[in-house]
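Asker: Respectively, the protein sequence lines represent chains X and C.
Count along the first sequence from 1, then add 127; that gives the number in this note's numbering.
Count along the second sequence from 1, then add 39; that gives the number in this note's numbering.
To be clear, the hints were calculated from the coordinates, so they are not data collected in a lab.
Model, not experiment: these values are computed from the prediction.
Hints may contain errors.
Going by beta-carbon spacing under 10 Å, a handful of chain X positions derived as facing chain C [unchecked claim]: (1) E156; (2) V169; (3) R185; (4) G190; (5) W210; (6) E228; (7) M243; (8) G246; (9) V294; (10) G401; (11) F436; (12) Q460; (13) L474; (14) L497; (15) L538; (16) L547.
Note that beta-carbon positions come from the ideal geometry of N, C-alpha and C, so glycine has one too.
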Amino acid sequence: MPFIPHTAQDVREMLAAIGAPDIESLFDEIPRELKDASLTAVPSSMDEMAIMRLMAARAQQDGHWRNFLGAGAYEHHVPAAVWQIVTRGEFYSAYTPYQAEASQGTLQVLYEYQSMMAGLTGLDVSNASLYDGASGLAEAVLMAVRLHKSSRRILMPRSIHPVYREVVSTIVRNQDIDLVDVAYDARSGLTDRASLEQSGQSDFAALVIPQPNYFGRLEPVHALTDWAHAKGALVVALVNPISLGLLVPPGQWGTGGADIAAGDGQPLGIPLSGGGPYFGFLTCKAEHVRQMPGRVAGRTVDLDGRPGFTLTLQAREQHIRRSKATSNICTNQGLAVTAATIYMALLGPEGLRRVAQASHANLVGLLERLNRYGVRARFPAPHFHEAVLPLEVPAAEVLQAMRATGIVGGLDLSADYPELGHAMLVCTTETKSSQDLDDYAKALASALAQSKQPKRA
Amino acid sequence: MSKLIFELSRSGRINDQLAPAAPPAADIDLALLRKNRPLLPEASELDVVRHYTRLSQQNFSIDTQFYPLGSCTMKYNPRAANAVAMLPQFLGRHPLAPEETGQGFLACLFDLQEILKVVTGMAGVSLAPMAGAQGELAGVAMIRAWHRSRGEDHRNEIIVPDAAHGTNPATATMCGYTVREVPTDGNGNVDIDRLRQVAGPRTAGLMLTNPSTLGVFEERILDIRDIVHAAGGQLYYDGANLNAIIGKVKPGAMGFDVIHMNLHKTFSTPHGGGGPGAGPVGVAPHLLPFLPVPMVMQEDERYRWLHKIERPQSIGPLSAYMGNAGVLLRAYVYARMVGREGMTRIAEFATLNANYLMTQLQRAGFDLAYPERRASHEFIVTLKRLKESTGVSAMDFAKRLLDKGFHAPTTYFPLLVPECLLIEPTETESKETLDAFVDAMQEVLRECRDQPELVKSAPHTTPVRRLDDVRAARALDLAWKKPVTS
Chain X
128 MPFIPHTAQD VREMLAAIGA PDIESLFDEI PRELKDASLT AVPSSMDEMA
178 IMRLMAARAQ QDGHWRNFLG AGAYEHHVPA AVWQIVTRGE FYSAYTPYQA
228 EASQGTLQVL YEYQSMMAGL TGLDVSNASL YDGASGLAEA VLMAVRLHKS
278 SRRILMPRSI HPVYREVVST IVRNQDIDLV DVAYDARSGL TDRASLEQSG
328 QSDFAALVIP QPNYFGRLEP VHALTDWAHA KGALVVALVN PISLGLLVPP
378 GQWGTGGADI AAGDGQPLGI PLSGGGPYFG FLTCKAEHVR QMPGRVAGRT
428 VDLDGRPGFT LTLQAREQHI RRSKATSNIC TNQGLAVTAA TIYMALLGPE
478 GLRRVAQASH ANLVGLLERL NRYGVRARFP APHFHEAVLP LEVPAAEVLQ
528 AMRATGIVGG LDLSADYPEL GHAMLVCTTE TKSSQDLDDY AKALASALAQ
578 SKQPKRA
Chain C
40 MSKLIFELSR SGRINDQLAP AAPPAADIDL ALLRKNRPLL PEASELDVVR
90 HYTRLSQQNF SIDTQFYPLG SCTMKYNPRA ANAVAMLPQF LGRHPLAPEE
140 TGQGFLACLF DLQEILKVVT GMAGVSLAPM AGAQGELAGV AMIRAWHRSR
190 GEDHRNEIIV PDAAHGTNPA TATMCGYTVR EVPTDGNGNV DIDRLRQVAG
240 PRTAGLMLTN PSTLGVFEER ILDIRDIVHA AGGQLYYDGA NLNAIIGKVK
290 PGAMGFDVIH MNLHKTFSTP HGGGGPGAGP VGVAPHLLPF LPVPMVMQED
340 ERYRWLHKIE RPQSIGPLSA YMGNAGVLLR AYVYARMVGR EGMTRIAEFA
390 TLNANYLMTQ LQRAGFDLAY PERRASHEFI VTLKRLKEST GVSAMDFAKR
440 LLDKGFHAPT TYFPLLVPEC LLIEPTETES KETLDAFVDA MQEVLRECRD
490 QPELVKSAPH TTPVRRLDDV RAARALDLAW KKPVTS
């Protein structure tokens, strides 16, 4: 029996000890009318060889692609050491560190992770992670409302990832919070100043500032931060962690620094994996820590005065505060966070900067090549590592044609931003070689030419 | 404590093999560039590997110790699941890559949706929620959306048993509800008479785990269903204890309108030191339109995503993409390996192990919270008398178990039972392991009588001795700060 070690003799001895005639009698408290669990539609069991054969076939069916898609999930090189360590049984199959003395490995990793994220974002403290960037942003919004205490309005630029905005809406919808759209400037691709001023005329609890924004553009974070603070509101920074190896961190935005930073940690050592598990990071100024949701590890001492780590500030959490908790969150993204910690330790400040620089340089290089084919970015420089490409034909056609050369060319923006016309969002990271950039430009140009030809009857 | 990775750092140590040099970003305004370096360590690849490998060796884990944490279902994580989830084509797939390039991946997710539907007896399943608590959020949000769609949004109360897991009332609050608690009777069941009084026109729903957090089956579940439905409310099933009944009873058959499952429990995905999990939700037919997106559908033998645009009444997305794909793949592999035959055996052997352990511990002198009841897949031991006679608490007892090489059971949950240990062996443990655990428990019991101070100051053999929690909260140290050099 797979994963069940009992022999017939074991069963006999155990039933005898219990004093039960058979296993079925152990279920005698369950009303008989409930005991129908017909599972005929569930496939019959498979041994390891068979399941691996099936899954290998499915994986092969999906194949390998040269990926130029970003839009919130980024393909970076993951050093081989990361997942070899993360999948060690002692990390992989450990539980939440509720028995701290038996979990110093996990707890020290969390403490180191918290230290690195706080430092990376230029803020004071970090939690041990939330589920992902989008739900993390929702938690940051709820936190800002709790901190502000009077307004329940949040200003959300449309230059923020559209699905992030939807997720925030799903999660905060039943708590009387008003999410206010702020337009972006059609020429610059940045948050529109006039729209911002107008939304800021009534009180608001926080302005969310994306950096880079969904279009890959770099927002004027200092001016935006000062503006929001002057209005008595908080600033929630929504940032890409790789970019923070290069760009000024939220803690140093404007005169006062952002209050809370959130985002998705996937770029830090987590493969694309079809969409998850990633993790949401949340960092903040020290004075806000008691409103911060999620688990947090702290350093303390043991009976002998030796340093050690334990979960702390648990009075904020669901298992203590129940209906008055800061959030219902129970898990963190433990394995993913372990990977990110090892990744950041391996890369260090210089390595992270190089990855950011290389990703940026590749985008500049790609745009130069595209220029030669008459394709120009929709918005002016600078970008981080993504840009919007305006097209003369539907992006869907172009992307399909590019697939013939094994390239996943970008994201069709027409559904979320119809006002941009035919357009797609392209991303480059350090994983793209010079040859890859040449091939992309050629494939795009060829796809455009193909699409513009009159269709045969 | 080992040194922190920052303390192993030396300025200038760069792992060139991991990040080749790159040109500076000449087109970015200086004001937008970082001026000071982030506080990340500078350590060689060997230092990093050695450091984190040694840290891992300070953990208890299922792979190294018996881990009878009640309500957590610490069963063996099959390595095949990990190997498959890490096939490069799955790992390399971008979540927004076209459906044509993901038919294999989507087939796995669709199959998993279908298997979970059958196992739970529900009409539809969404794999979107990334954890049990997020599944709860989705479930309660769907209940709210349903009432709203019928003009019944004046219903603003969610009923929760006093023994409920903390996420239940926390979730209700997050969905804008007020929580009404109902007590548990002396036999471990929800107090039906009190429920009748509390259920009424303001009831939006009731959240329940069955078997309950007390480790016993809610015998009058059909009465509970009738009371809540008659009051116009919806019945929510917290699937934390599904391991006890999978293949034997279907939540759908018990009358639940919406459920969540914990794949990191029942379907054996790795606990990873605290996550990631996955909390798919299942619904009865009337709630189908509200399921969170995206979901996978099959049309003419092709698989594709269903988004909000085709599901306008959906409560919406819960994550930027489609949830914890890697966790779902692992759950899928487990479900296929276990198969139809194995699902039922899970509950049978989890229950056999729990009842055997319960019997043996009672024989060894431990007090059971509900000695007249069958154990489900878990049961509660109360150390109340021990505390009174020796001063040793459940916490002390748990810490001493660590010295015996066992991870302690869950302590102080549920809150109802004083000085409790909630013990869940799971079906993957052998009789010998259970017997060894009973021996260890007996040893500690003897020590409580003969050398109580030894137990009260446990643990003694772990990398650190008992940690000062009070100091951790009072003198907050949540992040390493670089020492200021003069």
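Asker: Does each hint hold? Answer for all of them.
Answerer: Here is what the structure says about each hint:
no., hint, result
1, E156, "holds, 5 Å"
2, V169, "holds, 4 Å"
3, R185, "holds, 3 Å"
4, G190, "holds, 6 Å"
5, W210, "holds, 7 Å"
6, E228, "holds, 4 Å"
7, M243, "holds, 6 Å"
8, G246, "holds, 3 Å"
9, V294, "holds, 5 Å"
10, G401, "holds, 4 Å"
11, F436, "holds, 7 Å"
12, Q460, "holds, 5 Å"
13, L474, "holds, 6 Å"
14, L497, "violated, 16 Å"
15, L538, "holds, 6 Å"
16, L547, "violated, 17 Å"
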